[in-house]
Every structure is written in C-alpha cells, then in structure tokens.
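Could you put the whole structure together from the sequences, leaning on the hints where they help?
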Amino acid sequence: MSMNLNMIQPKCTHSGQRTSCQCGLCCTKITNFGVSLGGTKILSDVNLHIHCGDLTAIIGPNGAGKSTLIKAILGEVPHTGELQFLDAQNEGTTKPSMGYVPQKLDLDSSSPTSVLDLFAAAHTKRPIWFSYPKKIRERVSETLARTQAEHLIDKRLGALSGGELQRVLLALALDPIPHLLLLDEPVSGIDQRGLELFYKTVSILRKNYDLSIILVSHDLNLVAEYADRVAFINNKTIECTGTPQEVFSNTKVIETFGLDWSKRYLSNEKDKVDHADMV
Amino acid sequence: MQIWYSLVDLLLPFSWLQHDFMKNALLGVLLVTPIFGLLGTMIVNNKMAFFSDSLGHSALTGIAIGVILGIKNPVWSMLFFSVLITIAILVVKEANTASTDTIIGVFSSTAVALGIVILSRNGGFNKYSVYLIGDLLSINPTNLLTLSIVFVFVIAIWGVIFNRLLLASMNPSLARSRGINVRLYEYLFSMMMAVIVTISIQWVGILIISSLLILPAASSRNIAKNMRQYHVYSVLIALISGVSGLILSYVWGTATGATIVLISSVFFAVTFIGKLRLN
Numbered sequence: 079m080s081m082n083l084n085m086i087q088p089k090c091t092h093s094g095q096r097t098s099c100q101c102g103l104c105c106t107k108i109t110n111f112g113v114s115l116g117g118t119k120i121l122s123d124v125n126l127h128i129h130c131g132d133l134t135a136i137i138g139p140n141g142a143g144k145s146t147l148i149k150a151i152l153g154e155v156p157h158t159g160e161l162q163f164l165d166a167q168n169e170g171t172t173k174p175s176m177g178y179v180p181q182k183l184d185l186d187s188s189s190p191t192s193v194l195d196l197f198a199a200a201h202t203k204r205p206i207w208f209s210y211p212k213k214i215r216e217r218v219s220e221t222l223a224r225t226q227a228e229h230l231i232d233k234r235l236g237a238l239s240g241g242e243l244q245r246v247l248l249a250l251a252l253d254p255i256p257h258l259l260l261l262d263e264p265v266s267g268i269d270q271r272g273l274e275l276f277y278k279t280v281s282i283l284r285k286n287y288d289l290s291i292i293l294v295s296h297d298l299n300l301v302a303e304y305a306d307r308v309a310f311i312n313n314k315t316i317e318c319t320g321t322p323q324e325v326f327s328n329t330k331v332i333e334t335f336g337l338d339w340s341k342r343y344l345s346n347e348k349d350k351v352d353h354a355d356m357v
Numbered sequence: 270m271q272i273w274y275s276l277v278d279l280l281l282p283f284s285w286l287q288h289d290f291m292k293n294a295l296l297g298v299l300l301v302t303p304i305f306g307l308l309g310t311m312i313v314n315n316k317m318a319f320f321s322d323s324l325g326h327s328a329l330t331g332i333a334i335g336v337i338l339g340i341k342n343p344v345w346s347m348l349f350f351s352v353l354i355t356i357a358i359l360v361v362k363e364a365n366t367a368s369t370d371t372i373i374g375v376f377s378s379t380a381v382a383l384g385i386v387i388l389s390r391n392g393g394f395n396k397y398s399v400y401l402i403g404d405l406l407s408i409n410p411t412n413l414l415t416l417s418i419v420f421v422f423v424i425a426i427w428g429v430i431f432n433r434l435l436l437a438s439m440n441p442s443l444a445r446s447r448g449i450n451v452r453l454y455e456y457l458f459s460m461m462m463a464v465i466v467t468i469s470i471q472w473v474g475i476l477i478i479s480s481l482l483i484l485p486a487a488s489s490r491n492i493a494k495n496m497r498q499y500h501v502y503s504v505l506i507a508l509i510s511g512v513s514g515l516i517l518s519y520v521w522g523t524a525t526g527a528t529i530v531l532i533s534s535v536f537f538a539v540t541f542i543g544k545l546r547l548n
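Chains A and B, in that order, are what the protein sequence lines are. Using the numbering used here, read the first sequence as starting at 79 and increasing by one per residue. Using the numbering used here, read the second sequence as starting at 270 and increasing by one per residue.
Rather than coming from a laboratory, the hints here were simulated on the basis of the structure. It is possible that some hints are incorrect.
[Unchecked claim] Okay, derived cross-link-like pairs now, DSS-like style, lysine-lysine, Cα gap no bigger than 30 Å in a straight line:
1) LYS203/A / LYS213/A
2) LYS233/A / LYS544/B
3) LYS182/A / LYS494/B
4) LYS203/A / LYS362/B
5) LYS544/B / LYS316/B
6) LYS314/A / LYS107/A
7) LYS119/A / LYS362/B
8) LYS362/B / LYS314/A
9) LYS182/A / LYS119/A
10) LYS278/A / LYS330/A
11) LYS107/A / LYS285/A
12) LYS233/A / LYS316/B
13) LYS203/A / LYS494/B
14) LYS233/A / LYS213/A
15) LYS278/A / LYS233/A
16) LYS494/B / LYS213/A
17) LYS494/B / LYS316/B
18) LYS212/A / LYS494/B
19) LYS182/A / LYS544/B
20) LYS182/A / LYS362/B
21) LYS316/B / LYS203/A
22) LYS107/A / LYS278/A
23) LYS330/A / LYS119/A
24) LYS182/A / LYS316/B
25) LYS494/B / LYS233/A
Computed from a predicted model, the values in this text were never measured in an experiment.
Okay, here's the thing in structure tokens:
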C-alpha cells in the first residue's frame, strides 16, 4: 500500500480550546516519575521531556518497566512525580489529552464487534446496540483515512490482521487529536512490512499534526530509522536519552542489546553520513 | 393486571392461556427474557459465563441466610448475599494473586457448600429444592410489578453504560485514555448481573439460570456481524425460546425454565451449524 500524502491534511491545532500551540514550541514534561506496586519499586526518578513533533521511542529489556511507564502516564497506575503539558507560552496546563494505541484488544476472533462499533462506542453515548448517530459513519471513515484504513470500517475487529488492527487503533487514538500520543507496539502478530508501514504512518502524522509521541518499541532497526529521540529504560529508570545515534553508541545499551547489532547500526549510520557529504 | 388479562384474552385466545397463572407467566417471560438476551451479550463477550453461574449458586447461601434470620421472602437476603459475593470476587480479583477462574470457583463452591450445610440441617433440604429447578408458573402480580421495575431500570442503565463498558472490556488502558472510569463500569455491570440473576432465580432455577443468560447471546454470536445484530438476534432468540418454552412446558407438563433452556440450545446448535456451513 502506498502512502497517500494528500489524504493526511496538515494541521497544527490541538483538540480542545485550551492550547494555542505553535509547532515545536509546546512540550510534555515528565518530572520525577516513580511507580510502586504492592511495595515493589518498579520505576523511579524518570524524567522525560517531549517536544511536539517529536517521536520519542522507549526501548529497554523485557520487564524493565516500559509498559508500566505508559500506564502511569495514562493514570491507570498510580505514580509519584509530575506530568505537565506546557504550551508555547510555557504555561502549564492541567493535564495533556492523550491518545493511546494498545498492543492488542481483549477479544476473541469470533467477537461481533465491527470497526464502526468500536469508534461509535468511543465517540457517542447513545448505546450502539440501539442505533448509530447519523453522521458517525462519515466521521469514522474520515478518521480511518488518516491511517489508510477506511476500507476496514465494516469488518469485524477479530477478522483484522495484526497490522490492520494497529492502524485502526491508531486512527481511534487520533480522534480527537491528542496532545500526547502513546503507542505500545505489539511484540508479535505484525509482519515486517506492516510494522514499517505503521512507523511511516506515525512518522507522517507526527509532522502533520504536530504530535508528541511516545512509542514503546521492540524493533531497534525501525527505532533507529524513524525516532527523533530514544529513551533507554533499564534498572527501573531511564538510564540514557538522546538521539538514536547517541543512545545506540552508549555502552550500557550496547551491552543490553548485544554488540553486533549496534556495530552494524553505527557503520550504517556512518555510510549515511558519508553519503550525505558526497551529495 | 386486569388490562393485561383482557388484552391476552382478546389477542391470544389460545387454550394454554386460559388460566391466569399462564397469563402471568407469559408476562414474566416477556419481561425476563429480553433482559437475559441483552446482558448475555456482554457476559459472553467478557467470558463471564462462570461468574454468572457462581452468582446463581451463591443464591443458595442467600436463601439459607434468609431462613436463619426468619425472613419470609428470601429474595432480599439473596440479593444482599449475591451483591456481597460479587464485591468479594471483584476485590480479590483486583489483588491479582490467582486467576479469575480459580477465584470464582473458590467463592462459588464455598457459597454452595455453606448454603447446603445450613439448609440441610435436620434433613429438611427437600423443601428448598424448588429453587434448584424454579417454578415460573408460580409468578404472581406482585412479582411482576417488581420485574417491571427491574426491567425498566436494567434497560435504562444498559443504555447509559453500554458503550463505555464495551470499551473498558476490550482494553482497560484504552478506555482509561478516553477518560472512562473502568472500575466503576465493571462494578455496575457485575451488580446488575447479581440483581437480575437473583430476582429471577425463584422462577428459573439455580441449575439453569446461567444457561439462560449465555445461550441466546452465544447463538447470536454465531451469526452476528456487528453489535447491533448481536443484540437484536440475542433478544429475539431469548424471546422466542421463552415463549415457545412456556407453551411446550404447559403441553408436556415439564419445568418451564429447563424447557426454555432446551429450546435455546436448539437455537445454538442451528446457528452453529449455519456458521460452519458459511465458512
């Protein structure tokens, strides 16, 4: 499937009236985040600064607390510390509005929930077993077009492939356009092509809608290619942040993920730089 | 009630509807089965069949408590106990120490055992066996009034909470990101189940009440493609099974609840085969 850029209309406004955001000037600040569950410390001293228009990837070994951080930001898990959204004037607003793309949905493949059902349930209070509001179909179709998923509107969620479901959930998280978009990338179930398409879509949306994005990722190759910033979570905190280049040359990161990969990445990156010079 | 009786005489001049108790039972079926059809959809979606089963079982202890306290109409002690056990199950479930199945199993068997121990004191269990099978023909106008009130309440609450409940059931974090109080809806739904199971148990019977909740929705699921169809088919199947079960039980002289369940299972078999054929 090719990316149709025209379909994604550039916009730089956030939903809700409380922000007058100018591109690149607003940011989301996570200060001194800590999470304890049942007396066990899971995260502490987490500090993260996310500019809008930036894709920040969170990487780290299994069980390091990546998903917990997302849940804490969402408010599902209680946390200490502060979460602030600052607009262009640096005025702290109460809380950023959030869009969330989960790894998966809890439903079996026979579930009679269609894509339209999912959106209608999220957007309206009128019970969807009774009737749909008149205009919902158009609106959902428009929203789905943002992620090239409009043809899936009448499909059952259980009948979608991993990549299709991911695009549908991404479209849902983008309506309304949030301040902060949280993505929890599935560990399995999406083929490489689907994953690349997903990263490309996210990457384009980020620029067009000026989104702040936090992406929990398992695919370091794609992180290296698409992320603006990378945060490495290890030992219950963020041990290192920076550009992909900086993070992937950090010794701790190299130790965690294995040396070979990183070497390859560094040489690739060097090639790119050389190539750029020649141009 | 007189209006209902003359209405039935006028519109449905059948021999099986000559007696007032059959007219009462018909109204009872028309009130109870649509609720079962509606709630069943979410119970099947959330794989809560075992939970509704244990609610039925806990009624036994409710009756026992009523006997000890000397309450004439055990429905209040049953209501109290099933709400109590619902809260207990949800609280223990949140502690996340054992699987939900195990927790429900533990509570369910404890409740049944406790109920049997108390009721079988002095060898008098037989007089309570009516609760095991249920007696729909014993439904009286006062019961019908209670049922109508519950009917209106359940439909109203179901209309208000359904969309958010659906989102919460598919992914709690996603629901949370859209500002839904997941716990509140989980509790509300479980409470509704407890109430409807408890008040219908004396007419339907402990042994089969959960089948009546599960079967219409499970049958509908075989053929439905979206939420609307799922609900419409489920309610229709529940209604048709209810009314035809009532007629057949009258003709055959069998227990009404069980006859209704048998017809629902025929519906399940037919839709299941239809689904296999389609695939």
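Hint check:
Of the supplied pair hints, the one linking LYS203/A and LYS213/A holds, its CA atoms being roughly 14 Å apart against a limit of 30 Å. For the suggested pair LYS233/A and LYS544/B, the alpha carbons sit about 17 Å apart, so the restraint of at most 30 Å is met. Our distance criterion of 30 Å between C-alpha atoms is met by LYS182/A and LYS494/B, whose separation comes to about 20 Å. With a C-alpha separation of about 28 Å, the suggested pairing of LYS203/A with LYS362/B holds against the 30 Å cut-off.
For a cut-off of 30 Å, the pair hint linking LYS544/B to LYS316/B stands: about 20 Å separates their Cα positions. Of the supplied pair hints, the one linking LYS314/A and LYS107/A holds, its CA atoms being roughly 19 Å apart against a limit of 30 Å. Note on LYS119/A and LYS362/B: the hinted pairing holds, with a Cα-Cα distance of about 22 Å set against a maximum of 30 Å. For the proposed pair LYS362/B and LYS314/A, the alpha carbon gap of about 26 Å is at most 30 Å, so the pair holds.
With a C-alpha separation of about 26 Å, the suggested pair LYS182/A and LYS119/A falls inside the 30 Å cut-off, and the hint holds. For the hint linking LYS278/A to LYS330/A, the alpha-carbon distance of about 28 Å falls within 30 Å, and the restraint holds. For the hint linking LYS107/A to LYS285/A, the alpha-carbon distance of about 20 Å falls within 30 Å, and the restraint holds. This hinted pair checks out: LYS233/A and LYS316/B have alpha carbons roughly 22 Å apart, not beyond 30 Å.
Taking the CA atoms of LYS203/A and LYS494/B, the gap is near 21 Å; set against the 30 Å cutoff, the hint holds. Simply put, LYS233/A and LYS213/A have alpha-carbon atoms about 19 Å apart, close enough for the 30 Å limit, and the pair holds. For the proposed pair LYS278/A and LYS233/A, the alpha carbon gap of about 24 Å is at most 30 Å, so the pair holds. Note on LYS494/B and LYS213/A: the hinted pairing holds, with a Cα-Cα distance of about 21 Å set against a maximum of 30 Å.
Between LYS494/B and LYS316/B the CA atoms are separated by roughly 18 Å; this keeps the pair inside 30 Å, and the hint holds. Restraint check: the Cα-Cα separation between LYS212/A and LYS494/B comes to about 20 Å, which is no more than 30 Å; the hinted pair holds. Proximity of LYS182/A to LYS544/B is assessed by CA-CA distance (about 26 Å); at most 30 Å being required, the pair is judged to hold. Among the hinted pairs, LYS182/A with LYS362/B is consistent with the structure: their alpha-carbon atoms are about 21 Å apart, no more than 30 Å.
Only pairs whose Cα atoms come within 30 Å are accepted, and LYS316/B paired with LYS203/A is accepted, the gap being roughly 24 Å. Proposed proximity of LYS107/A and LYS278/A is supported: the alpha carbons are some 25 Å apart, at most 30 Å. A threshold of 30 Å between alpha carbons decides the hint, and for LYS330/A with LYS119/A the separation of about 21 Å falls inside it, so the pair holds. For the proposed pair LYS182/A and LYS316/B, the alpha carbon gap of about 17 Å is at most 30 Å, so the pair holds.
Distance restraint check for LYS494/B and LYS233/A: the Cα-Cα separation of roughly 8 Å lies within the 30 Å cut-off, and the hinted pair is therefore satisfied.
Consistency with the previously given hints is maintained throughout, with no hint failing.
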